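Residue numbers (my numbering), protein chains in the order written: chain A, 25 to 372; chain B, 25 to 372; chain C, 25 to 372; chain D, 25 to 372.
These are calculated hints, taken from the structure and not from any lab test.
Quick caveat: nothing in here was measured; it's all calculated off a predicted structure.
Just to be clear, a hint being listed does not mean it is correct.
Identical copies carry no separate label here, and so any pair may be met within one copy or between two of them.
Pairs of lysine to any residue residues, derived as SDA-like cross-links and limited to a Cα-Cα distance of at most 20 Å, are as follows [claimed, not checked]:
no. : residue 1 : residue 2
1   : K248      : P152
2   : K51       : R354
3   : K189      : A27
4   : K248      : F148
5   : K243      : W335
6   : K189      : G147
7   : K67       : L212
8   : K248      : E191
9   : K329      : G54
10  : K177      : G302
11  : K51       : F334
12  : K295      : L326
13  : K51       : L41
Number of protein chains: 4
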Amino acid sequence: MLAFECDYLEGAHERILQRLVETNYDKAPGYSSDQYCASAIEKIRQACKCPEAEVYFLVGGTQTNAIVIDAILQKYEGVIAAETGHVNVHEAGAIEHSGHKVMTIPSHCGKIDAAELAAYLEGFWNDPSHEHMVFPGMVYISYPTEYGTLYSKKELEEIRQVCQKYEIPLYMDGARLGYGLMSKECDLTLPVMAELCDVFYIGGTKVGALCGEAVVFTKKNMPKHFVTMVKQKGAMLAKGRLLGIQFDTLFTNNLYFEISAHAINMAEKLKAGFKERGYSFYLDSPTNQQFIILSNEEIEQLKDKVSFEFWGPIDEGHQIVRFATSWATREEDIDALMMILDENKKFG
Amino acid sequence: MLAFECDYLEGAHERILQRLVETNYDKAPGYSSDQYCASAIEKIRQACKCPEAEVYFLVGGTQTNAIVIDAILQKYEGVIAAETGHVNVHEAGAIEHSGHKVMTIPSHCGKIDAAELAAYLEGFWNDPSHEHMVFPGMVYISYPTEYGTLYSKKELEEIRQVCQKYEIPLYMDGARLGYGLMSKECDLTLPVMAELCDVFYIGGTKVGALCGEAVVFTKKNMPKHFVTMVKQKGAMLAKGRLLGIQFDTLFTNNLYFEISAHAINMAEKLKAGFKERGYSFYLDSPTNQQFIILSNEEIEQLKDKVSFEFWGPIDEGHQIVRFATSWATREEDIDALMMILDENKKFG
Amino acid sequence: MLAFECDYLEGAHERILQRLVETNYDKAPGYSSDQYCASAIEKIRQACKCPEAEVYFLVGGTQTNAIVIDAILQKYEGVIAAETGHVNVHEAGAIEHSGHKVMTIPSHCGKIDAAELAAYLEGFWNDPSHEHMVFPGMVYISYPTEYGTLYSKKELEEIRQVCQKYEIPLYMDGARLGYGLMSKECDLTLPVMAELCDVFYIGGTKVGALCGEAVVFTKKNMPKHFVTMVKQKGAMLAKGRLLGIQFDTLFTNNLYFEISAHAINMAEKLKAGFKERGYSFYLDSPTNQQFIILSNEEIEQLKDKVSFEFWGPIDEGHQIVRFATSWATREEDIDALMMILDENKKFG
Amino acid sequence: MLAFECDYLEGAHERILQRLVETNYDKAPGYSSDQYCASAIEKIRQACKCPEAEVYFLVGGTQTNAIVIDAILQKYEGVIAAETGHVNVHEAGAIEHSGHKVMTIPSHCGKIDAAELAAYLEGFWNDPSHEHMVFPGMVYISYPTEYGTLYSKKELEEIRQVCQKYEIPLYMDGARLGYGLMSKECDLTLPVMAELCDVFYIGGTKVGALCGEAVVFTKKNMPKHFVTMVKQKGAMLAKGRLLGIQFDTLFTNNLYFEISAHAINMAEKLKAGFKERGYSFYLDSPTNQQFIILSNEEIEQLKDKVSFEFWGPIDEGHQIVRFATSWATREEDIDALMMILDENKKFG
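Go ahead and model the full structure; you've got the sequences and the hints to work with.
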């Protein structure tokens, strides 16, 4: 069975495992005050060309979103996101659970539009009853988006300008950041992100780690007593070393970028293979998630040999399905998938 | 200055004040365990033809929505509402503050559509990742809606059927319930509402009371220890008599319905007056709130003599404004308004 | 039946009712932006000799505590209170419901001790793991306390000094503030309170109003967007006039102080009466609540003729009971109570 | 530098690391629906002799306490704990953050007393105003306690009886469960715990794992949609395999118990060593945490060669300090510690 349903099917990059073994009996203080975290923080600062960045390691993406957003927002504020934003759809209401509204604006293949954002904010401030409404306190975007799409540098700069005009921070969810940065279409870099975002996170779970996300506050804006709020949310690891070692490894010798590039190469190959065979795409994704339209018959033929994720029906006879590659995807598996497609066409 | 901006400009119906004076030195136990509350509850049960109804008095509308919704929802559930629903727009995030998402579906002049509701619910349950999403746990509607519109009996029955199919309660916000029930277009009655809704509230603040809303649980479904949750939310009045006396008076000798009918008569007169004079309406409201489109010039001419509420721009030269009548609206004020409109036209 | 169980048995002082009637048809804007609130705020500022005080009217005591405390605390902070504090015992967990811990220190007849408070705070800041603990963010005291006792000016000054040293605000719950200020033992005044407290509230519900508490922020420290947080908690009255008119009346011609003084006079008479007849007191209260120890037999004899509140057993044969007076207590009822006591003694 | 300050200084038991390496490229579905979790759950059920147990893996202790307690409690309920309970002191208010009060009763060397618990519960239900109070909805105990002490089987049975009488669940925090079970003084077993507790967790982080705690619901009482609440709290791991593999390894060939026994042996040796040398203990702990009283001079002499944790001052000249052993403690380090003590005595 070939598996392409997501980008978290395997464990961790082997250099990470190796490093966990090597350091295993070193004694380290708890709660992320260890030497590995310190080293990882320094490397991330350098990668971001942001020496004053404050970096904190958390375990997973929903946790990170929930903590960062709640820690930054005032009690009367909510967060603006695309309707399709992960925080609005697939986090079981984690943001609302912390007392904050997710205020949605339209999604354009997963992205928000700077002009629509500006109109929303202007509308709020011009509304004579806005004191009876949730105050917009932050803008949430994801990079790549939930649909694998990317903001251009220009788009991101425009969003930042709107945020600055209305004095609210810009937060970027980088669960798959590596796969965005290594895309052929990416015209952004980590330092540019650090400049344009007030806070963002570098996803580890989907990019080679067992678990872990690195939150980067870029403007000396880590909320006061952030660590206590992390503890209060049950998100502090006793053995913070687990996160420090992983990110230290990922940011040593370019590993994070190399393995991300591999995933992108695999995705390009997969995309080209589907394209050559005449398949339609739900949208044009330049990253590791590919959304393909399959007929119900094609799904029937495939599903016993290949696993992929169902994204929803597009009409009675067709569905959108997602194929994802990752740092761990093997080229021979893409080849095998293409052979299956060919066979199915032949005998279908 | 004539004032039509809302339906809470005056104090209370004079019979209520009179009754507050008469009972003032009677000693009554606290926290709504008094004789007035008991009498009011009995009268509301009779008006609803629902002898087993559980009735609880709260102070205001946002408070009532926040408490009822939080008390009924499980921790992993949210409430479905129209995009324009009061809980979604003008309650400063009170629902999210209690940890629950407001899950929106389209608004049709303030109303939700049973078929769209069913599609939303079916979509949720069919979604393979619904365990990562907020569970729909309740449907919220308002009657009249925030736009003054009304559900027909048939529409309400269809919504109820969807709720029953998906086993979630139907909650009706009746902040202006009297003005809905007394509308010429209303084909519903309190007993029918008690049958079709799992819980609803009878608005007092906007219909003759100083403050107060009567929550009616119709299916022996008042949540366990509801009173403690009311206290926990800071919503319990020490002198619950204030609410009991008011509702007891409103439900004596048909007062609630009589004063609601007066407001509707005044609204009809106002609506006819604007219509005769060629004004456009944003939508056709059969209740006490009328949404009229005025040009910026018309607004300039009116605003020093008449107060009304701005509802938002419709284009560069026009705005939607709201004129509201209430139990306290005087017919001579409608006449005076029409004279002002005529004068403005003449000299405009 | 004579009734002494609490201080909220009757409606409102008749001047308040009269004023509600007089102003009933005046049109006033909603949400406390009316002329009555403005006037009441000005009078309270004058009474406090604190012209820059920010005053906001809320409906009840638990609501006020929950809102003020949550609005002031940071998300990682809790509030320090006496173990017997109302916020710790009888508010159904309203503070915790808003996410904050009530951190208790010992109660001395309802009061906290400045030295114990200082030790608690010093202990927190010296604790090497205090980042894993709730930060103390506010001190809550009540005046009079839940046991009717009073802080002396010196005691309050000492508490304030501790608060200043540790840079946390001092909040005073004045649900029965009038009954404290008019006590023979009181050496404080409203202006002194305004100086020593960062925020406090002047209780109306128990001192002549139908409902209502006036929150006074004394140091230009009303939290940003406080009004939106009030709305978010469901605590904003559409007809804010109801609160404004009441407080405007209470602070006209010294009414608040006069009716408070009456309650104290009645309490003194009741206290003297019990004392003369040889009853023991649980503690020495100089305000309107008197805590008396009755044997089970005495309770049996009394309870069909007089109502009072049970405060808990003191030993197998005795209970603490509370007798409360108020602005509405009639002298003849105290006389009647004494006659019943005498009769019971005679025939007991 | 010798290190004894806590039991989470090293990484993981090497069999765990080895198993992570071996399984690394196996593809596994996300969110704990993988084969390793399934296997670990089955092994835990067998170890508990509780075939119907529902087991869920979470990442850390505070997270586990916060999620289990919030998922079980009704909105109007709080959790009873010893004043010294971890949930009351060192979780930064995580329980209150989820809206629930921690209701404290006295601590006896970390333990609660069944009779005091019963008195507390009886007091609540007998209190005429208990509807205005937080309802006790659960009892929290830790085993071993935060002071290393253990409940006897008889004590635990008595607590269970009280819980059953008042119909509230008993929850046991087993962050260091292995070190309790392997203590010479323990007369409990996992199956007995599964019988006496409604829910408990088996701590991994402090007993050989990199991270992870296994929650065991023993009475088919896992709250409905528990998984969604885990997601809502940001506690769901995409790669749940990380937890499954660790617990599967710990519960293979008795590893969990063997490594716990080693920690206890080391603790016994350390305890005996301090005792022989005439040191006083703050209390008598039969588990892996030892609380020793050191003079300020002794601390000065030790602290450059040995690390330990400060637990608080006992008088001006002395402090309580904690020495902890773990699965990873080396016997030679105990020997080295004793030599340092001897040297210090000699030259002290």
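Going through the hints against the structure:
no., hint, verdict
1, K248 <-> P152, "between (33 Å within a copy, 18 Å between copies)"
2, K51 <-> R354, "between (36 Å within a copy, 12 Å between copies)"
3, K189 <-> A27, "neither (46 Å within a copy, 37 Å between copies)"
4, K248 <-> F148, "between (28 Å within a copy, 17 Å between copies)"
5, K243 <-> W335, "neither (37 Å within a copy, 37 Å between copies)"
6, K189 <-> G147, "within (14 Å within a copy, 38 Å between copies)"
7, K67 <-> L212, "within (19 Å within a copy, 49 Å between copies)"
8, K248 <-> E191, "both (19 Å within a copy, 15 Å between copies)"
9, K329 <-> G54, "between (45 Å within a copy, 19 Å between copies)"
10, K177 <-> G302, "neither (32 Å within a copy, 52 Å between copies)"
11, K51 <-> F334, "between (45 Å within a copy, 18 Å between copies)"
12, K295 <-> L326, "within (17 Å within a copy, 63 Å between copies)"
13, K51 <-> L41, "both (18 Å within a copy, 16 Å between copies)"
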